[in-house]
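Number of protein chains: 2
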Amino acid sequence: MDLITEPAALRRACDEVRARGARVGLVPTMGALHRGHLSLVEVARARADLVVASIFVNPTQFGPGEDLERYPRTLDADVAACAEAGAGYVFAPTAKAMYPAGEETRVNVGATAADLCGVHRPTHFEGVATIVTKLFNIVGPCVAVFGRKDYQQLRVVHRFVRDLFLPVEVVGAPTVREPDGLALSSRNRYLRDEERPRALALRKGLGAAWEAFAAGERSVSHLRALATEPLSDVDRIDYVTLADPETVRPLPDGHVAGERLLVAMAAWVGKTRLIDNVVLGEDDHPHRQGD
Amino acid sequence: MDLITEPAALRRACDEVRARGARVGLVPTMGALHRGHLSLVEVARARADLVVASIFVNPTQFGPGEDLERYPRTLDADVAACAEAGAGYVFAPTAKAMYPAGEETRVNVGATAADLCGVHRPTHFEGVATIVTKLFNIVGPCVAVFGRKDYQQLRVVHRFVRDLFLPVEVVGAPTVREPDGLALSSRNRYLRDEERPRALALRKGLGAAWEAFAAGERSVSHLRALATEPLSDVDRIDYVTLADPETVRPLPDGHVAGERLLVAMAAWVGKTRLIDNVVLGEDDHPHRQGD
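Those protein sequences? They're chains Z and X, same order as listed.
If you count the first sequence from 1, position 262 lands on 269 in this note's numbering, and the numbers rise without skipping.
If you count the second sequence from 1, position 224 lands on 231 in this note's numbering, and the numbers rise without skipping.
Hints listed in this document are in silico derivations from the structure and should not be mistaken for laboratory results.
Remember, it's a predicted structure, so these values are computed and weren't measured experimentally.
One or more of the hints may lead you astray.
All copies of an identical chain are treated as equivalent in the list; a pair is satisfied when it fits inside any one copy or across any two copies.
Restricting the straight-line Cα-Cα distance to at most 25 Å, the calculated cross-link-like pairs of lysine to any residue (SDA-like) are [stated by the list, open to error]:
| hint | residue 1 | residue 2 |
| --- | --- | --- |
| 1 | K156 | G109 |
| 2 | K103 | R113 |
| 3 | K103 | R25 |
| 4 | K103 | N115 |
| 5 | K156 | G179 |
| 6 | K211 | L258 |
| 7 | K103 | R256 |
| 8 | K156 | R52 |
| 9 | K103 | T254 |
| 10 | K103 | G117 |
| 11 | K103 | R169 |
| 12 | K103 | D251 |
Put together the whole structure using the sequences plus the hints.
Below, the structure is given as structure tokens:
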């Protein structure tokens, strides 16, 4: 396993891999790796001959006042974990390498980026689409793997890959959870001891909606009420949105759900913003899955 | 020479070319081809084993009220001209193939797209950057050739190619002119007989600045005045801008030029918008070059 920091060096390395007929896979991350990230590397390994894991805390996807500075950085441990998970290269560039002086190009995705987290983080997905496009162009992967925990991000990547005709297959991998159902997130380490139990409110809301849907409930307003109720435990709700799983367009309260329905939420516990989601009719129960 | 209309078919064809170790070149055009376009194919042929010429009147680079509908479309003649010029493939997709229902991604370049034509055509370069990115991702060219007549467009392409780490060499080819110095343009066919002589005002202005610069003049305000004076013959001036040739940032009147200086202009003769430019200290005289 090699650690590479220069884009040109990574391109050369990936060109060589492809030149010998091997398939390159990519797992973009911001580091602070947990089992969820490592599961993405495993998914990529099953679909490619060599996996590049990138570790880059991308400044353009953080808004003013967000946690760019305090975002956890654990490079040595991350590199060791990637090596153990079977990544061939870890790419850990500097911000200046990815955004050199004078750069000014951004990739914008429209409606897919507008709702849910887009309302609360208006430039977030522009930053995501821009950095992922850069990584795709440096690495030239056949396949790239993203976690379904960041569901809207996954749809944004699907959207611009299709729109821009990028020759890469985008794969979403299941959310990995703690035994009690909390979705793994690098931001979980921000949670204080007293906050940790309250962080379960999100998976409780998703679980309530999941069970009602399984029992036949299809009213968007009822499902939304069930998903929201446990969030009385959090300090602030950004959103609880029921949406089309493809377009992530929110569905109005009067809507009757079809076969699949996205329930996505973002809420604050203390100073920690948590997100979670489930696709009803598709995903496993957000708690039992973690057992 | 093959005519291809489907993006997936073009990708397969180009993948096969690359798989046998050959270099692919790309010349993106909007058709209505003239000798200027064909010179781009020649430049590309000198740098690649197979040249793709694309012919696509890109709707997203036209603003409201612009000439999208009446833009000349001469596909049969264009295909024949490309074959004669040595293109291997002509790619002529439908608008729906390049912008299918639901697409919503745009590539935005910042300051490089803001001045000159960007002031008068605020969404133009977003449309250019988006379609060229799509074409790059379908074709996967080693080299792409653009005319220097659309100087700001060339700089926009250089900018986003560098910013997004696209693995393609961008080459600018010299403006081709009529014997009297008029820069070739698909829009020249809009000009009425009485308008044609007045269209020379642009190259006259550029020529006056060129001669003064060659004689040692370095005052931006003087050079701008010289370039503007012949434009008394046109019906409306969009801009006459002296700018940095790399960044296309306008230089203020008090500025003293360095070794190279872009003089760019856009003006209307009747209902026809014409653009032209010269890089002082680099390009040939905009008239003698056409002799």
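Against the structure, the hints:
no.: 1; hint: K156 x G109; result: between (34 Å within a copy, 24 Å between copies)
no.: 2; hint: K103 x R113; result: both (16 Å within a copy, 24 Å between copies)
no.: 3; hint: K103 x R25; result: neither (27 Å within a copy, 32 Å between copies)
no.: 4; hint: K103 x N115; result: both (21 Å within a copy, 20 Å between copies)
no.: 5; hint: K156 x G179; result: within (9 Å within a copy, 45 Å between copies)
no.: 6; hint: K211 x L258; result: within (21 Å within a copy, 60 Å between copies)
no.: 7; hint: K103 x R256; result: between (35 Å within a copy, 23 Å between copies)
no.: 8; hint: K156 x R52; result: within (20 Å within a copy, 48 Å between copies)
no.: 9; hint: K103 x T254; result: between (34 Å within a copy, 19 Å between copies)
no.: 10; hint: K103 x G117; result: between (27 Å within a copy, 18 Å between copies)
no.: 11; hint: K103 x R169; result: between (28 Å within a copy, 14 Å between copies)
no.: 12; hint: K103 x D251; result: between (38 Å within a copy, 24 Å between copies)
Checked against the numbered hints above, the structure violates only hint 3.
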